[in-house]
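J.: These protein sequences, in sequence, are chains V and Y. Numbering that gives the first Met the number 0 numbers the first residue of the first sequence as 0 and each following residue consecutively. Numbering that gives the first Met the number 0 numbers the first residue of the second sequence as 0 and each following residue consecutively.
A portion of the hints provided could be inaccurate.
With the C-beta cut set under 8 angstroms, the calculated list includes, among others, these residues of chain V facing chain Y [said to hold, decoys possible]:
1. 8
2. 17
3. 41
4. 43
5. 210
6. 295
7. 296
8. 337
9. 380
10. 384
11. 385
Calculated directly from the structure, the hints in this document are not laboratory data. No residue lacks a Cβ here, since even glycine has one placed at the ideal position from N, Cα and C.
There are 2 protein chains.
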Amino acid sequence: MEAVLISIGTELTTGRVRESNSSWLSRELDDRGVRTVMCMTVPDSRDAIAAALTRALDLEPELVVVTGGLGPTADDMTTEAVGEALDLRLDLDPEAERMVAGAVGLEGLDHRQRKQATMPAGATPLPPAGTAPGYLLRYRSMPIVVLPGVPWEMRRMWQAALESPLLRTALERAVPSRRRRACFYDSGEARVAEAAENAFAGLRDQLQPCICARYREVTLELSYPAELEAEVEASFAAIERELSEWHYSAGEPVEAVIAGLLSGGNKTLAVGESCTGGLLGGAITRVSGSSAFYLGGVIAYHNEVKQKVLRVRGEILGKVGAVSEPVAQQLALGARSLTGADYGVGITGIAGPGGGTEEKPVGLVFICASSEEGDMVERFDFPGGREDVRAAAVIAALHMLHRKLLDEIDQE
Amino acid sequence: MEAVLISIGTELTTGRVRESNSSWLSRELDDRGVRTVMCMTVPDSRDAIAAALTRALDLEPELVVVTGGLGPTADDMTTEAVGEALDLRLDLDPEAERMVAGAVGLEGLDHRQRKQATMPAGATPLPPAGTAPGYLLRYRSMPIVVLPGVPWEMRRMWQAALESPLLRTALERAVPSRRRRACFYDSGEARVAEAAENAFAGLRDQLQPCICARYREVTLELSYPAELEAEVEASFAAIERELSEWHYSAGEPVEAVIAGLLSGGNKTLAVGESCTGGLLGGAITRVSGSSAFYLGGVIAYHNEVKQKVLRVRGEILGKVGAVSEPVAQQLALGARSLTGADYGVGITGIAGPGGGTEEKPVGLVFICASSEEGDMVERFDFPGGREDVRAAAVIAALHMLHRKLLDEIDQE
Numbered sequence: 000m001e002a003v004l005i006s007i008g009t010e011l012t013t014g015r016v017r018e019s020n021s022s023w024l025s026r027e028l029d030d031r032g033v034r035t036v037m038c039m040t041v042p043d044s045r046d047a048i049a050a051a052l053t054r055a056l057d058l059e060p061e062l063v064v065v066t067g068g069l070g071p072t073a074d075d076m077t078t079e080a081v082g083e084a085l086d087l088r089l090d091l092d093p094e095a096e097r098m099v100a101g102a103v104g105l106e107g108l109d110h111r112q113r114k115q116a117t118m119p120a121g122a123t124p125l126p127p128a129g130t131a132p133g134y135l136l137r138y139r140s141m142p143i144v145v146l147p148g149v150p151w152e153m154r155r156m157w158q159a160a161l162e163s164p165l166l167r168t169a170l171e172r173a174v175p176s177r178r179r180r181a182c183f184y185d186s187g188e189a190r191v192a193e194a195a196e197n198a199f200a201g202l203r204d205q206l207q208p209c210i211c212a213r214y215r216e217v218t219l220e221l222s223y224p225a226e227l228e229a230e231v232e233a234s235f236a237a238i239e240r241e242l243s244e245w246h247y248s249a250g251e252p253v254e255a256v257i258a259g260l261l262s263g264g265n266k267t268l269a270v271g272e273s274c275t276g277g278l279l280g281g282a283i284t285r286v287s288g289s290s291a292f293y294l295g296g297v298i299a300y301h302n303e304v305k306q307k308v309l310r311v312r313g314e315i316l317g318k319v320g321a322v323s324e325p326v327a328q329q330l331a332l333g334a335r336s337l338t339g340a341d342y343g344v345g346i347t348g349i350a351g352p353g354g355g356t357e358e359k360p361v362g363l364v365f366i367c368a369s370s371e372e373g374d375m376v377e378r379f380d381f382p383g384g385r386e387d388v389r390a391a392a393v394i395a396a397l398h399m400l401h402r403k404l405l406d407e408i409d410q411e
Numbered sequence: 000m001e002a003v004l005i006s007i008g009t010e011l012t013t014g015r016v017r018e019s020n021s022s023w024l025s026r027e028l029d030d031r032g033v034r035t036v037m038c039m040t041v042p043d044s045r046d047a048i049a050a051a052l053t054r055a056l057d058l059e060p061e062l063v064v065v066t067g068g069l070g071p072t073a074d075d076m077t078t079e080a081v082g083e084a085l086d087l088r089l090d091l092d093p094e095a096e097r098m099v100a101g102a103v104g105l106e107g108l109d110h111r112q113r114k115q116a117t118m119p120a121g122a123t124p125l126p127p128a129g130t131a132p133g134y135l136l137r138y139r140s141m142p143i144v145v146l147p148g149v150p151w152e153m154r155r156m157w158q159a160a161l162e163s164p165l166l167r168t169a170l171e172r173a174v175p176s177r178r179r180r181a182c183f184y185d186s187g188e189a190r191v192a193e194a195a196e197n198a199f200a201g202l203r204d205q206l207q208p209c210i211c212a213r214y215r216e217v218t219l220e221l222s223y224p225a226e227l228e229a230e231v232e233a234s235f236a237a238i239e240r241e242l243s244e245w246h247y248s249a250g251e252p253v254e255a256v257i258a259g260l261l262s263g264g265n266k267t268l269a270v271g272e273s274c275t276g277g278l279l280g281g282a283i284t285r286v287s288g289s290s291a292f293y294l295g296g297v298i299a300y301h302n303e304v305k306q307k308v309l310r311v312r313g314e315i316l317g318k319v320g321a322v323s324e325p326v327a328q329q330l331a332l333g334a335r336s337l338t339g340a341d342y343g344v345g346i347t348g349i350a351g352p353g354g355g356t357e358e359k360p361v362g363l364v365f366i367c368a369s370s371e372e373g374d375m376v377e378r379f380d381f382p383g384g385r386e387d388v389r390a391a392a393v394i395a396a397l398h399m400l401h402r403k404l405l406d407e408i409d410q411e
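Okay, chain V solo, but in the shape it has when bound (with noise of 0.2 angstroms):
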């Protein structure tokens, strides 16, 4: 089963915001067993956005979901060139328009909220998360969803149309197939893709193995029909096994894999962050739960705040400056002792623009992972902008931080 994904909006056709809807959504329908076999991003005009649909429609796919354009105002208008797209009438919709002053809390509604309730004829409307009711469409036997594009009430707006009799129906004839992932850090992409090609190499024509690196994390992906189930968990267990030095996880990004290492240990956290201002503590705190594991942190970032709260000694701040070894060491073991935690993390680099020299330039990281057996210290030049440079130095935190644990915590 095919899906087409379509955004909308100008201020995702002109980068002022990410768009994000159709990365959710995918993943989304990749777990039903659906393939989004394109993401198309459009400005608010009603022309793009029915060439945009038209062009959805050629491609026949079993579904089309479109997200963004049902606001208020007169630049939002998805409806109007749905209607053009699939030749229907608009009109305004009784139930969409109680929904409406429901979700505003008004009787009589203005043009611009009656704007919201008007729908392409025969539509359902779908309940709205914030203020505009999304809905759903039948065209030639494919549902067609449109959900407005703010992410957290087009997600919870997902839920409610999977509940449609339309979309369930539709989504019955999707086989999921299986997934199956290896992640591994540091190995480099050409290792994992060697160890890939010769493992599937008698199964080559039949599946399609996905090689994906991120800072330096690099992730084989691989979807599969259940018939090969025995065949592929064979090769992942052999690419594994081979690869067993940089494999961190099936799938759970790092924090998580942390998260499983400290609870079951029964071991505390704390950081001790300058570069990356929080970065370190937002990304451990991703995980729901982390709190039994993750104590807390100080943000070092100007160099009082290193001395007085973690003791970051002023004679080494002055001899070898605050991105430094010893100084990365102090901030670990500072954290550590400050909360009283089993491990402590400290990083100290230069994230840029500004602020680099000859000898420390720009993207020098120094990364120190702290505990009662000892501290990891490690230097790291990262490449790319101030933004770049902050986030790979988060994730080499964290796999550092996952190392050490591997080695000192017992795992039944």
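Starting from the known structure of chain V, fit chain Y onto it as the hints suggest.
T.: Same frame as chain V, but now just chain Y:
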């Protein structure tokens, strides 16, 4: 001048990696007066890529930028698909071969590396930022730029592509339209829409203001031809006057506005974060140069850290719980007194999905902005999932601080 962007990768159409290159490129192009009329994202499939390219050419754009699928592995098949769609032979390019050899530090290339140096006949290779070279093609006088998908490599190589005579000449034809923005907080989308409708009533046919809302921030944006400068400026001035209560910037993110106020007023800032786990600090330090005013802060995730490091009183934690108005206040105050900062922000809340109760549901967040002149504390009930609640809390905290700074810092 119009452009079409194509992003390639099964990791994108399965939602495992969030597509971000289109957003960055469309902003780059917008700044140069090039309108992105469509972004397409397709899986690593030769047919899908070729079909997307054919579809892109049907739109008759003046520029096509393709990103992704230039890696060394068998699932990277962008170049093959480009050759197919444009009916071009593929050749091993000697210059590209030298580039790859230089990037990997080898003399003799293996078949994977030779694949990366193979490009459509007539292509001009672009030196790799990582290991994959990109290339430029001319197709019926239109430039097609093909770049790797790794964001930092893509961005660096885009800069190199801009230097090429082919792209430079093409972009000379673009007429950069001017852009004007006004950003409002907490005004609601409809109020901005109405003000814009009135202010632009006389220019309605020539201009398309675009309004976009995200986490209570509403941005009004307008691209306009230079000759309308005076009218547009007058209309924006009228809107900003009418909505002055909610207006916060002409496009800069709120953290940049805060940075300007704090630096200008010679004031310092610290944070005490619980449910956001460091994301507020991460947002403040997105601004390059934030070290001038940002001292740091404490991620007080566990109650013991709240008590021990930020001096939150144990009896209050026991009586009203960690997610409460007085605790937000003590986090802010604690951050100030620990670091000596002039301003402190405290956040405590329930990000979910677990931990909510009837009295304190998921999404409940208390935020305090504190200074010598007093404390502002506010209660929020944010909708959405864990990451929505945390992101909304960060935005709300930045705006609370912004309003406090506006009241208290003398501006020249």
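J.: Give a verdict on every hint.
T.: Going through the hints against the structure:
1. 8: holds, 7 angstroms
2. 17: holds, 4 angstroms
3. 41: At 5 angstroms from the nearest chain Y Cβ, residue 41 of chain V passes the 8 angstroms test, so the hint holds.
4. 43: The hint holds - residue 43 of chain V has a Cβ within 8 angstroms of chain Y, the shortest such distance being about 7 angstroms.
5. 210: OK, holds: residue 210 of chain V within 8 angstroms of chain Y, min 5 angstroms.
6. 295: holds, 4 angstroms
7. 296: Residue 296 of chain V check passes; min Cβ-Cβ to chain Y is 5 angstroms, inside 8 angstroms.
8. 337: It holds, given that the least Cβ distance between residue 337 of chain V and chain Y is near 6 angstroms, below 8 angstroms.
9. 380: Nearest chain Y Cβ about 13 angstroms off; hint violated.
10. 384: With Cβ-Cβ at 7 angstroms, under 8 angstroms, it holds.
11. 385: holds, 6 angstroms
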